[in-house]
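Produce the entire structure from the sequences given, and follow the hints as far as they go.
Going down the list, the sequences are from chains A, B and C.
Using my numbering, the letters of the first sequence correspond one by one to residues 8 to 181.
Using my numbering, the letters of the second sequence correspond one by one to residues 3 to 402.
Using my numbering, the letters of the third sequence correspond one by one to residues 7 to 388.
It is worth saying that the hints were derived from the structure and are not from the lab.
Be aware that a few hints might be false.
[Unchecked claim] Straight-line distance between alpha carbons at most 25 Å, and here's what the computed DSS-like set of lysine-lysine pairs gives:
| hint | chain 1 | residue 1 | chain 2 | residue 2 |
| --- | --- | --- | --- | --- |
| 1 | A | Lys118 | B | Lys141 |
| 2 | A | Lys157 | B | Lys401 |
| 3 | A | Lys27 | B | Lys401 |
| 4 | A | Lys74 | A | Lys63 |
| 5 | A | Lys100 | A | Lys74 |
| 6 | B | Lys200 | A | Lys148 |
| 7 | B | Lys277 | B | Lys401 |
| 8 | A | Lys148 | B | Lys316 |
| 9 | C | Lys200 | C | Lys189 |
| 10 | A | Lys32 | A | Lys118 |
| 11 | A | Lys100 | A | Lys27 |
| 12 | A | Lys163 | A | Lys179 |
| 13 | A | Lys179 | A | Lys100 |
| 14 | A | Lys63 | A | Lys159 |
| 15 | A | Lys176 | B | Lys141 |
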Amino acid sequence: MSVGKRDITCPGYAPGTPIKDEDIKLKKVTSVEDHPDIRYSWSAGQAISKFLNGLKEGKIYGVKCNKCKRIMVPPRMFCELCYKPIDEWVELKDTGVVQTFSISYIDPDAKPLPEPIIVAVIAIDGASHNMGIMHLLGEVKPEDVYVGMKVKAVWKDEKEREGAITDIKYWKPI
Amino acid sequence: MRVEKISGLKFQKKQDVAIVGAGMTTWKRRLNETGRELCFLAIKQALEEAGIGFDEIEMVVMGSAPDTFDGMLMKGEYLLDGSGGSDRPYMRVFVGGGTGVFAPIAGYWHVASGLADVCLVVCEEKMSSCYPHPQSAFKYIWDPILERPLNPNLIWIFALEMRRYMHVHKIKHEDIALVSVKNKANALDHPCAQVAGKITVEDVLNSEPMALPVRRLDVSPPSDGAAALVMVSPYIARRLTDEPIWVTGVGWSLDTTWWTNRDLYFPRYVAEAAKMAYKMAHITDPRKEIDVAEPYDPFDYKELHHMEGLGLAKKGEAPILTREGVTARDGDLPVCPSGGLMGVGNPIAATMGVKACEIYWQLSYRAGKRQVAKEVTTGVCQAWGDLMQVGTVMVMSNKR
Amino acid sequence: MTRVAVIAAGYYGFNANTPEFSWKEIMYAAARRAYEEAGINPRRDVDSFITCAEDIYEGFAIFDEFVPDQLGAVLKPTCTICGDFLYGVATAYMQIKSGLADVAVVEAHSKASDIATFGDVLRFGFDPIWIRDIGNGHPYYFAALEMDLYMQTDCITEEQIAKVVVKNKNNAVLNPSAPYGEKVSIEDVLKSPKVFDPMRKIEIAPRSDGCVVFVIANENIAKEITDSPIWIKGVGWWSETNSYDTMSFRAMYATKAAKMAYKLAGIVNPQKEVDFAEVDDRFAFKEIQHIEALGLSRRFETASLLEEGYFDRNGEIPVNVSGGSLGIGNLLECTGGQKALEVVLQLQGNAGRRQLKDVEIGVAQAWRYVPTASGAVVVFGL
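Structure follows, in structure tokens:
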């Protein structure tokens, strides 16, 4: 079977009709609109429920697997690498180290934000290496953030906590 | 973190599967055609190139990404009429963004298992139906309890990964921006391209910040589009053409959901998938044995990230290869000669058109102006998806 | 050519709802049980994992992300098939036959109790241009239209459809995993209100939660691990069309899927060769359509055979001995999983009080629910 350059060109045509957003708004093309109302309420399950209750008390909980000796956060009912149930719950500190971060200028709908927000993956002290959670950083200027920065959680007032990840308002540098 | 020794795919008996035709529609931000019509257009092209009629298709595999874009539950069922699935065995596969290369892998096992001789693989995406912006659909990929309350944007994970990659290997944004420049220039020769153009590194570094370090020209745009492939068994391939392209290796792998527990600087899921595909294809030194590569590049740094995952460059070296021109179309290891997602567009699953279909066209010397300068025997295409989780790899060759 | 067998089946459920466990935890429970039965370590011994899930049923844009940990699939080949469990079994079959894997795991689950607005979710599956905005009715009217047409063309009476409900719900009483088992009579059923005339409320399967995991392997490994592997003799799946105006409304998808599966299994006369079956009965009239589609009786005969007790637990061809979906609940994409599970349990001899005697070949069939015309069939045997 010969393999060599041949004179066959690839299909040079590309079917399809591009249109613009104004074409839809000005009704130049026919369109149909739908606004679905689809709602869910997920059971958090045993592990996350305990974690959220811990947040309400102002504590961060992790779990330990005695086989691989990892202390993991966010907590789970089973160690996914050893594939066995976890052995104990461990209370972790509310300080951590920034593993990576980003300064976001857009909101989830791709619209620009009035103020940029800083999001980071923070490895929690007391857990195994690289065990991080995603959260926001605050009380710091974007240009001062760096990988390896030590941070501490800033909690909401005890009365306002509801048992959600937002019970921590943000993390600030220490 | 120690991971137990895990075995990859068993490789008992090599079943040959050939690709004999490919097609794709133009990719634009918004197309007038419905999803079904896009599928039909791509399939028509693929069947014409293959030289077989629609009645000869025995099974259909559809790959399409989140249902939320088209606004349908069971989007696969809705699209089956346009994708040739009516009155046939029809299956939809979905591994997030990795579907672009996973759908042909699914087509591979349809034919290799002996259940079908002719299998049509079609991928479609219609992101423009999603309002206010296709990115809004990505609100729902996050963990509903631990992450969604923070109102995350899709670009965040890429920004976090890019920062980590740049930090660990001490890479400058200028080197990463070279990928964007290269791919957008490559795409000028692609008839379906959406965002081809001649830009410079300064343009990239000065473009609008989205989630630093990611800027607008580092990102590929949402697109509408479709692509199709025809996969057949060897005796049908012999009837149709003298030079079919053979699928020599496949691999796929999925990493843990807890992405915040991983060090993001290296895509080990791509490395695992590549390991399996190379083992099946008997490739021991990918850098030397692969002639052309199409790694997934939704962001410019991702091309470098995935090159390292595929073993085409040592860790941290991919930007050096780009800077030296090794990955250009006339270089020693052309990477993304089609222009990739950065240059042509990013319709998630339909990216099969610039990944698997492009390697097919390159290996059969049908890529026209995009044809790489060197002689090619083996090519690899790869896709990525989910929350930095899935790597899907396919190795193809024009020698059996 | 190597044969393919089910070496273990694990399940969690089935319950009307599971507020204390998340979907991850029920998946882990079912997978754990399957692996214990097979005696394997998924981290080491399993080559491929297949999950069958539809995003919008779960509430995520990409459900594939949330799958690997609880199955032991981290950094291993894992994929998601958007289809019923039986489609996943077909995929595992193809992967093993093509030599890509020796051991494959198939999983499907239902956490329907997490969905707050089920009617809107189903409505989201309708064609957005032609059907979605017609009126304000709950999407089940679509199935009721089909029921009306079917009753007229095949001369099926209300009492005959009621018999399906009576048979299945009474069967479910003997099934400890069935939350909706009940001793009902034909009169009770005929008193149930018609919520989508002619469909009665009791003829619609209510939702429930659960998870089913199968471990599937090739012949050599199956014979090493267990003395009684359950062979997958044939698989078939088929889609008619998505257009409501050209659908056959006679479950032709099931007929053709069954034809494909029987051809692989070498079954020529299903009515004689198949011992029992589990068919999709999430709407009572569908059971009759599916029994006919599987070739277990001829057209115009099914309903009267049903009335005579031909498909009862102690009849000639027991159908839905587990209680079917009417007794166990609508498990969304796991419906095929429940059907396959029952077939496997019966063939293994593990079906407890509902055990059938001397069964060798069983068929599981599932449909992809309103508004589709797609389905899959798998033939299991000893």
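Each hint, compared with the structure:
As the CA atoms of Lys118/A and Lys141/B are separated by approximately 13 Å, the hinted pair is consistent with the 25 Å bound. With a CA separation close to 55 Å, the supplied pair Lys157/A and Lys401/B exceeds the 25 Å bound. The straight-line distance between the Cα atoms of Lys27/A and Lys401/B is roughly 44 Å, outside the 25 Å bound, and the hint therefore fails. In summary, the hint linking Lys74/A to Lys63/A is not supported, as the alpha carbons are separated by about 30 Å, beyond the 25 Å threshold.
Proximity of Lys100/A to Lys74/A is assessed by CA-CA distance (about 23 Å); at most 25 Å being required, the pair is judged to hold. About 35 Å separates the Cα atoms of Lys200/B and Lys148/A, which puts this hinted pair outside 25 Å; it is violated. For a cut-off of 25 Å, the pair hint linking Lys277/B to Lys401/B stands: about 21 Å separates their Cα positions. A C-alpha spacing of about 35 Å is found between Lys148/A and Lys316/B, which places the hinted pair above 25 Å, so the restraint is violated.
The hinted pair formed by Lys200/C and Lys189/C meets the criterion: a straight-line CA distance of about 20 Å does not exceed 25 Å. Using a Cα cut-off of 25 Å, the hinted pair Lys32/A and Lys118/A holds, with the two alpha carbons roughly 19 Å apart. For the hint linking Lys100/A to Lys27/A, the alpha-carbon distance of about 52 Å lies beyond 25 Å, and the restraint is violated. For the hint linking Lys163/A to Lys179/A, the alpha-carbon distance of about 13 Å falls within 25 Å, and the restraint holds.
Between Lys179/A and Lys100/A, the direct Cα distance comes to roughly 14 Å. Compliance with the 25 Å bound is thereby established for this hinted pair. Taking the CA atoms of Lys63/A and Lys159/A, the gap is near 17 Å; set against the 25 Å cutoff, the hint holds. A distance of roughly 20 Å separates the Cα atoms of Lys176/A and Lys141/B; the hinted pair therefore holds under the 25 Å criterion.
Figure legend: structure checked against the earlier numbered hints; hints not met, in rising order: 2, 3, 4, 6, 8, 11.
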